[in-house]
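Number of protein chains: 2
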Amino acid sequence: MKISVYAISIGTFVPMLRALSSILDKGAEHASARNFDSAVLVNARLAPDMFPLVRQVQIACDHAKNSTARLIGQEPPVFEDNEQTLDELKARIARTIDYLQSARETAFEGAEDRDIKIPLPNNLALEMNGLQFLRDWALPHFYFHVVTAYDILRHNGVEIGKRDYLSHAAGHIRQHSEGGV
Amino acid sequence: MKISVYAISIGTFVPMLRALSSILDKGAEHASARNFDSAVLVNARLAPDMFPLVRQVQIACDHAKNSTARLIGQEPPVFEDNEQTLDELKARIARTIDYLQSARETAFEGAEDRDIKIPLPNNLALEMNGLQFLRDWALPHFYFHVVTAYDILRHNGVEIGKRDYLSHAAGHIRQHSEGGV
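Chains as they are written, first to last, in my numbering: chain A, 1 to 181; chain B, 1 to 181.
Treat the hints as calculated values from the structure; they're not laboratory data.
Treat the hints with caution; some may be incorrect.
The list treats identical chains as interchangeable, and a pair is accepted whether it falls inside one copy or across any two copies.
Claimed, not checked - Derived pair list, reagent style DSS-like, types lysine-lysine, alpha-carbon separation capped at 30 Å:
no., residue 1, residue 2
1, 90, 162
2, 26, 162
3, 162, 117
4, 26, 90
Here the structure is a predicted model, which means the values were calculated and not measured.
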């Protein structure tokens, strides 16, 4: 079986978080080139009642971390939300990746059938199996915050593009002799 | 096997496209309430050199449609890029969903191992198996354009939130008796 909860979850979170980290680098370079404090970017947002970059990155990390923990039946480590700089956000991403990489592939066996409950107010709960949780909750939330972080920086003039967002796709590029493709 | 290329691809694209369609409805309501032409939203963008809403929606549809076709070894239907209104974009989404739903689950058997090549300039090509293609190409591109469409509308004051983006998650909500969760 080539397709597994491990392959889809860790195999998405880790490279996308690495891409997010390099996108933050581009933000820092942009601030440095334009001679403004990169904390402006950390606090930038797309709408007054929408989370700023710092929260987008924190929440993206938390969805990756907490979803992984739920899928393997662990308690997720708790990270304080105290980042104030791009470097601190990069450190949080690195810590998140460390946690993701510490999860062993065998721990995901049967994760697709694991009952996952997320309590909601008023005696309601989200109840999903692991597959539904991964597909209908973890991934859409994760991508929401990664892409919104990208969009905040792009909106603020940072020179990033799809190649930064999907830098790991470059690993699938192959050279062919003339006419080989 | 509960986790399959079919479950992850069609099971992501269809509900997310439905959510995108209802997000466009919220855009139309907002324009109507504020008494401005909703074509302003169709052409809104987050940066001068970034695609406007119309292209974000078109490309989200195309990634869903073309990825599905590649995964099942079909030629994808070609849709003209001629939408100019929110209603026309909603029609494109509906046509895309029709195509996705016409793909039979059995056609995805073995899709995870299918060799997929995307030609690039200079005799380069992206070469991936179906799993890699789905995870490292189709899904991140799809989510990129869905979320950016959301972000464009949100940036322009449309009253949308996560419950619109993830409306299908409501299907997983269960009521419990007191203390049951």
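Structure-based check of each hint:
no. : hint      : result
1   : 90 - 162  : both (20 Å within a copy, 25 Å between copies)
2   : 26 - 162  : both (13 Å within a copy, 28 Å between copies)
3   : 162 - 117 : between (35 Å within a copy, 19 Å between copies)
4   : 26 - 90   : within (12 Å within a copy, 35 Å between copies)
No hint from the list above goes unmet by this structure.
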